[in-house]
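Number of protein chains: 2
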Amino acid sequence: MSRGEFDIIRDYFRRRAGQREDLLLGIGDDGAVVKAAGELAWVVDTINSGVHFPEDAPAHVVGHRVLAVNLSDMVAMGADPRWALLALTLPVAEEAWLDDFCDGFFRLAGEAGCVLAGGDLTRGPLAATVTLLGPLHGRAVTRAGARVGDDILVSGTLGDARAGLDIALGDGAPADGAEAFLLNRYLYPAPRLALAPLLPRYAHAALDLSDGLCADLSHMLEASGVGAELSLAELPLSEALAAHAPEEARRLALAGGDDYEIVCAVDPGQREAFMAAAAAAGVSLTRIGRVTDDKELRVLDEAGEPEPLPGSFRHFGDHDA
Amino acid sequence: MSRGEFDIIRDYFRRRAGQREDLLLGIGDDGAVVKAAGELAWVVDTINSGVHFPEDAPAHVVGHRVLAVNLSDMVAMGADPRWALLALTLPVAEEAWLDDFCDGFFRLAGEAGCVLAGGDLTRGPLAATVTLLGPLHGRAVTRAGARVGDDILVSGTLGDARAGLDIALGDGAPADGAEAFLLNRYLYPAPRLALAPLLPRYAHAALDLSDGLCADLSHMLEASGVGAELSLAELPLSEALAAHAPEEARRLALAGGDDYEIVCAVDPGQREAFMAAAAAAGVSLTRIGRVTDDKELRVLDEAGEPEPLPGSFRHFGDHDA
Numbered sequence: 001m002s003r004g005e006f007d008i009i010r011d012y013f014r015r016r017a018g019q020r021e022d023l024l025l026g027i028g029d030d031g032a033v034v035k036a037a038g039e040l041a042w043v044v045d046t047i048n049s050g051v052h053f054p055e056d057a058p059a060h061v062v063g064h065r066v067l068a069v070n071l072s073d074m075v076a077m078g079a080d081p082r083w084a085l086l087a088l089t090l091p092v093a094e095e096a097w098l099d100d101f102c103d104g105f106f107r108l109a110g111e112a113g114c115v116l117a118g119g120d121l122t123r124g125p126l127a128a129t130v131t132l133l134g135p136l137h138g139r140a141v142t143r144a145g146a147r148v149g150d151d152i153l154v155s156g157t158l159g160d161a162r163a164g165l166d167i168a169l170g171d172g173a174p175a176d177g178a179e180a181f182l183l184n185r186y187l188y189p190a191p192r193l194a195l196a197p198l199l200p201r202y203a204h205a206a207l208d209l210s211d212g213l214c215a216d217l218s219h220m221l222e223a224s225g226v227g228a229e230l231s232l233a234e235l236p237l238s239e240a241l242a243a244h245a246p247e248e249a250r251r252l253a254l255a256g257g258d259d260y261e262i263v264c265a266v267d268p269g270q271r272e273a274f275m276a277a278a279a280a281a282g283v284s285l286t287r288i289g290r291v292t293d294d295k296e297l298r299v300l301d302e303a304g305e306p307e308p309l310p311g312s313f314r315h316f317g318d319h320d321a
Numbered sequence: 001m002s003r004g005e006f007d008i009i010r011d012y013f014r015r016r017a018g019q020r021e022d023l024l025l026g027i028g029d030d031g032a033v034v035k036a037a038g039e040l041a042w043v044v045d046t047i048n049s050g051v052h053f054p055e056d057a058p059a060h061v062v063g064h065r066v067l068a069v070n071l072s073d074m075v076a077m078g079a080d081p082r083w084a085l086l087a088l089t090l091p092v093a094e095e096a097w098l099d100d101f102c103d104g105f106f107r108l109a110g111e112a113g114c115v116l117a118g119g120d121l122t123r124g125p126l127a128a129t130v131t132l133l134g135p136l137h138g139r140a141v142t143r144a145g146a147r148v149g150d151d152i153l154v155s156g157t158l159g160d161a162r163a164g165l166d167i168a169l170g171d172g173a174p175a176d177g178a179e180a181f182l183l184n185r186y187l188y189p190a191p192r193l194a195l196a197p198l199l200p201r202y203a204h205a206a207l208d209l210s211d212g213l214c215a216d217l218s219h220m221l222e223a224s225g226v227g228a229e230l231s232l233a234e235l236p237l238s239e240a241l242a243a244h245a246p247e248e249a250r251r252l253a254l255a256g257g258d259d260y261e262i263v264c265a266v267d268p269g270q271r272e273a274f275m276a277a278a279a280a281a282g283v284s285l286t287r288i289g290r291v292t293d294d295k296e297l298r299v300l301d302e303a304g305e306p307e308p309l310p311g312s313f314r315h316f317g318d319h320d321a
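For the record, the sequence lines run as chains A and B.
First residue of the first sequence: 1, per UniProt numbering; consecutive thereafter.
First residue of the second sequence: 1, per UniProt numbering; consecutive thereafter.
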């Protein structure tokens, strides 16, 4: 695309970028300038067409998703996502596509109180990278702080997005309300923004679920030098998933990716207060197990017998790998 | 690529990432945590295979380049590039390629005093995005501060990279020392790190040259609401370029991209002091013209006649657009 087209796009983003007093220099120079003090969390995530979203995904899905996956990382750190940079790679510049992309991006940015401080536009295969920066709400919540005896909590419900992905990979047309719910859970992951200020107060360790509960929780256990025992019966399932895939629901909850829920380790004495504070902020938390000292991840079925652990489900793109 | 491969790559980067006291949490969690105070410059740039570098470019060229283009933006802002995040998209994970990429990336990171604080690894068409963050050396140097009567200075020499690109697009084998120099100037852009602390003291406005002198300088003039008159005879040319392309050299200097030199507007009374300070830090600066009040960019030939302005040369990838 030509330089003139780039200028048009840049002006377009600038009009919608938003403002904050602590953004001293925004879109249009060699870089942005922000005013900050103290400890800042900083994340970056890329999503690629045909890998992290279907090649025919609507542009607002792409715009929403690239911001959502980064916001989810900031939440898991216990950070306030104040400022964003967007690096967008496009094969062609189509105004309707960009308009739609911006609708998805800026709607979520508005919810998160996040302004677009700058970015980069390049030509190439469709891909989007966002980097977010912002202050911690308190101490940094890492993967490494889980303690033996902690309760393991998870937000929302699990497995929905993986079921939604299958619907998206089919004809993409939901057959009923349950399928519509699941498809929406895949297409529009909702970062648990309300948990960001609560995690530093209540959680010893946290991370967000992108690759599936077992896969991601393993990272926390490894970083913390501990193990865990999960209860299959306690995994929170949506009514839609239970109705859509009654046989598979628990397996999807254990191993399905793209949920972008938060899993965390919490002192049992703090659990009730945390769950009440989260509920007051609109997020349900469920206790799904506890941290153990044997450095293994076990899942127990309703009879208390160990359930064989499923292999990590793969991302969309790995289907054609 | 599999999760196991990703873990290997992550460990590999972690070993070479470097450390700073103000990097509180580095590679391996949901995000990085840095300790900062005051005004921070923040940049992001993506480079795509076949667009910003040839598809067959050696991996260390890619690793060097993605960091160099971002460092150049930080220099132009007058900022200290302390911390980096890298989002790397690879079609396959090849250890030899990654090793070579890291050689290019970390050699330059070491020169710049920059540590890798984290990143993201994804599967997809080869592309690399870097975001850099760091404190300003003083005030932010923007594109908008040029004043009528300012001298326009440029670092190094112009046009070399564009001539080097043609060599790279040919058989890539330099025929002589001049061609080897030019090819190297294209493959390994050298951000003018030494200018970062000097620009806030001496320059009213600055930017780095990625798209060519005329194209990029126009952005500064527009942002500053001024014009400029450049002297064709004053454009700094390398001996190699003058020998390799005597007829074309000045046109390449005006319009060739990928130089990553710094152009800036400086009060004439400060010019000598700035040039001396830059020379002491190893960077040559050349006065190539002055800022005017007529909001146009003019280039005068040796007889003082206006030279027709060349269209902006295009990036590598635009050749096959």
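In short, the hints are calculated from the structure, not lab data.
The structure presented is a predicted model; accordingly, all values stated were derived computationally and were not measured.
Wrong hints could be hidden among the right ones.
One copy or any two copies: either way a pair holds, since identical chains are not told apart in the list.
[To be verified] Distance condition first, Cα-Cα at most 20 Å in a straight line; then the derived SDA-like pairs of lysine to any residue:
| id | residue 1 | residue 2 |
| --- | --- | --- |
| 1 | K295 | D267 |
| 2 | K295 | R201 |
| 3 | K35 | L23 |
| 4 | K35 | E272 |
Hints and how they fare:
1. In this homomeric assembly, K295 and D267 come within 20 Å of each other (Cα to Cα) only inside a single copy, at 18 Å, whereas the closest approach across copies is 65 Å.
2. In this homomeric assembly, K295 and R201 never come within 20 Å of each other (Cα to Cα): the closest approach is 26 Å inside a single copy and 56 Å across copies.
3. Proximity of K35 to L23 under the C-alpha cut-off of 20 Å is found in both arrangements, the shortest distances being 6 Å within a copy and 18 Å between copies.
4. For the identical chains of this complex, K35 and E272 are neighbours neither inside a copy (37 Å) nor across copies (33 Å), given an alpha-carbon limit of 20 Å.
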